[in-house]
Each structure stands twice: as structure tokens, then as C-alpha cells.
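Since chain Y is already given, all that's left is putting chain G on it; use the hints.
If you read the protein sequences in the order shown, they are chains Y and G. Following the numbering used here from start to finish, the first sequence increments by one per residue and tops out at 128. Following the numbering used here from start to finish, the second sequence increments by one per residue and tops out at 117.
Distance condition first, Cα-Cα at most 20 Å in a straight line; then the derived PhoX-like pairs of lysine-lysine:
id : chain 1 : residue 1 : chain 2 : residue 2
1  : Y       : Lys89     : Y       : Lys75
2  : Y       : Lys21     : G       : Lys45
3  : Y       : Lys71     : Y       : Lys88
4  : G       : Lys52     : Y       : Lys21
Residues from chain G shown here face chain Y by an in silico Cβ test under 10 Å; the list is partial:
id : residue
5  : Phe37
6  : Ser97
7  : Lys104
8  : Leu105
Calculated directly from the structure, the hints in this document are not laboratory data. Idealized CB from N, CA, C, for every residue including glycine.
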Amino acid sequence: DVKVTQSSRYLVKRTGEKVFLECVQDMDHENMFWYRQDPGLGLRLIYFSYDVKMKEKGDIPEGYSVSREKKERFSLILESASTNQTSMYLCASSRTAEAFFGQGTRLTVV
Amino acid sequence: AQSVTQLDSHVSVSEGTPVLLRCNYSSSYSPSLFWYVQHPNKGLQLLLKYTSAATLVKGINGFEAEFKKSETSFHLTKPSAHMSDAAEYFCVVSLYNQGGKLIFGQGTELSVKP
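Isolated chain Y, as found in the complex (with noise of 0.2 Å):
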């Protein structure tokens, strides 16, 4: 089975902590990808990356940064932590079309 695992299921921070989101995939695929997770606004991008090093922004960057240093890896960084940031964050790989999902991080920022 296609494994995407998050670091964590729960998260709680302060406000203007550096935090950091850890997803990894064991399927070896080369597209990874960063989404929030709000109600009423369903999921939206705010990274992916289609190769190592490589990263492309979403349509909700700000505030967010990503790191890929290995094929595996991808990481979400909120550089300074606010409580707008209290969301559900799903990381997903992909090779070609369909997507395989983490389990989701919940993020409290306080």
C-alpha cells in the first residue's frame, strides 16, 4: 500500500514560533504537495513540488515556505507562526494523476 505519513496528528504552537510540518511517501513519487484544510473553504494548495529541490507555489504561499531535499521528504515551514494558521494541513504525493493523501496534521496556534 501507497504509505504518505505525517509527523504529527496534533500540533499546538505559539504565536511566532518557526514550525515545522514533516510529510513522507514510500512509493517514490516525484510530485508532493502541501494543502490547508479550513470549513466552507474546502482544500487549498500552498506548495507542491514536482522533483527534488524544486518547489512551485500554491495559491495561498504567504506566510509559508517548503523544503525538498530528498524524493521522499517534504516539509512545510510557517516561518513565524499566527493564529490564522490554526488549520488542518494535508500533505499528498502523486506520480501521475491520482493522489494519495497523509492522515492530516491539526495545527492550534496560540
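Then chain G, alone, in the frame of chain Y:
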């Protein structure tokens, strides 16, 4: 620009009755289309996918969807709802020319009454 519109934010049906969740898309290219389901506090699970083969696509748990190019629609149906179908459903288009970027609809919450 590519987009996906789910026409209903919430659908309520009785157990044993048919389910219809509506989705329209806009794409400059021949799209790949998906339906994903998300149960409470769970990740997203693929229900079915259309990738330019048969226009009627069968998925898991008795769901199916029909790709209609003339109507730019990809509606999800199931003949008989089960209580376990209560969840949120997302219609998604994949942009193969943009590294497989996925565009999500806003989601439809399906409630199933006993």
C-alpha cells in the same frame, strides 16, 4: 482557468434512497477527474477516477460517476445510501500539465438519515 464547482454544500438523504452529488468542472485540457471522500477525523480516500477511458466510472462502496464532456459534469451517484456513507465528498480535477496539481471543489457534506 481550471476550476471545479460542487453545486451543493450539503445533501441529506434517507438510508436506502439514491445519492446524487453534483460536480461541474472547467478545464482547457482533457481533464483527469476524481472523487475523494473524507470521513470525520480521517484522511482523504479515493472513491473513483476518470482518466479519459470509459466515461462511466465505477468506484468503491457502490459509487459511480459519469463524465459528460458536453455538460462539463462529473456527478457522483449511488443507488442506495448507507449510514456509513455519511461524510464529506470532494470533486477534484488534476492538471497534468502542472505537475499533477489538484484543484478541489468546496466539498459536499452528505448526511444519511435512518
